[in-house]
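Chain B: place on chain A using the hints.
Listed below are the residues making up each chain.
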Amino acid sequence: AQSVAQPEDQVNVAEGNPLTVKCTYSVSGNPYLFWYVQYPNRGLQFLLKYITGDNLVKGSYGFEAEFNKSQTSFHLKKPSALVSDSALYFCAVRDGGSYIPTFGRGTSLIVHP
Amino acid sequence: EAQVTQNPRYLITVTGKKLTVTCSQNMNHEYMSWYRQDPGLGLRQIYYSMNVEVTDKGDVPEGYKVSRKEKRNFPLILESPSPNQTSLYFCASSTVSAQPGVGKNIQYFGAGTRLSVL
Chain A
27 AQSVAQPEDQ
37 VNVAEGNPLT
47 VKCTYSVSGN
57 PYLFWYVQYP
67 NRGLQFLLKY
77 ITGDNLVKGS
87 YGFEAEFNKS
97 QTSFHLKKPS
107 ALVSDSALYF
117 CAVRDGGSYI
127 PTFGRGTSLI
137 VHP
Chain B
105 EAQVTQNPRY
115 LITVTGKKLT
125 VTCSQNMNHE
135 YMSWYRQDPG
145 LGLRQIYYSM
155 NVEVTDKGDV
165 PEGYKVSRKE
175 KRNFPLILES
185 PSPNQTSLYF
195 CASSTVSAQP
205 GVGKNIQYFG
215 AGTRLSVL
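As given, the protein sequences belong to chains A and B, one line each in that order. For what it's worth, my numbering labels the leading residue of the first sequence as 27, then goes sequentially. For what it's worth, my numbering labels the leading residue of the second sequence as 105, then goes sequentially.
Okay, chain A solo, but in the shape it has when bound (with noise of 0.2 Å):
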């Protein structure tokens, strides 16, 4: 079985101050983890996955997440955070040996001018 855990429901930073919305997961296999991001009224937008290789993965708009396998985490990070990264972020994780994501139940991100 897999699953994702997302413990923030909202994350709240001010504008210029580096952020970090939290995810952790589960999974038998090794793991593919995802970054999506819900701006209102819209669908999701893939932000960055790990699949393998460097921890250190860098995706859309500045964001990037570390892969952390011995805390099975896959954090979101920014170091400058702006007021139109406010959105929902979710996390969702595969086994690789499924097809099948489970996401977590999002991060609501609020950026303060």
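Simulated from the structure, these hints should not be mistaken for laboratory data. Note that the structure is a prediction, hence the values are computed from the model and not measured. Just so it is clear, CB atoms sit at the ideal spot from N, CA and C, and this is done for glycine as well. Each hint should be verified, as a subset may be incorrect.
From the structure, some residues in chain B lie toward chain A, with a derived Cβ separation under 8 Å [as the list claims (entries may be wrong)]:
id: 1; residue: Phe194
id: 2; residue: Ile210
id: 3; residue: Gly216
Pair by pair, the computed Cβ-Cβ distance ranges are [claimed, not checked]:
id: 4; chain 1: B; residue 1: Met154; chain 2: A; residue 2: Ser54; range: 29 to 35 Å
id: 5; chain 1: B; residue 1: Lys173; chain 2: A; residue 2: Asn81; range: 22 to 28 Å
id: 6; chain 1: A; residue 1: Glu90; chain 2: B; residue 2: Asp142; range: 28 to 34 Å
Below, chain B without anything else, positioned relative to chain A:
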């Protein structure tokens, strides 16, 4: 342009009146799925399809049907809608691959269908 198209975007209906939400993708993806999004519950998978004529239940299939007669289309059918099916629905598609290549395994989502069942 690569896209997943859902219709309609908004729908208000009454209990028991059959409805279909269409989904079409132009990327030749094998994998398609339907999700519902509810406050505090995130995305829950309703049904998915690995290819034409291959469908399977997700986490919350009760009250829904799907079909995959063509690779590009994956309609969601509510035979007898009930108020607890009021939700925001998303269709998604992706390649089916164990390979880590660029563009593989990424889910592409439609813009969503907001359904209200009265």
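Here is what the structure says about each hint:
Given the 8 Å rule on beta carbons, the hint for B/Phe194 holds: about 6 Å separates it from the nearest Cβ of chain A. Given hint, B/Ile210 at the interface with chain A, holds; its Cβ is 5 Å from that chain's nearest Cβ, closer than 8 Å. For B/Gly216, the interface hint holds, since its Cβ comes within 8 Å of a Cβ in chain A; the closest pair sits about 5 Å apart. A C-beta distance of roughly 20 Å is found between B/Met154 and A/Ser54, which places it outside the suggested range of 29 to 35 Å.
For the pair B/Lys173 and A/Asn81, the supplied restraint of 22 to 28 Å is violated, since their beta-carbon distance comes to about 43 Å. The hint said 28 to 34 Å for the Cβ distance between A/Glu90 and B/Asp142, and at roughly 30 Å that hint holds.
Violated hints for the displayed structure, listed by number in ascending order: 4 and 5.
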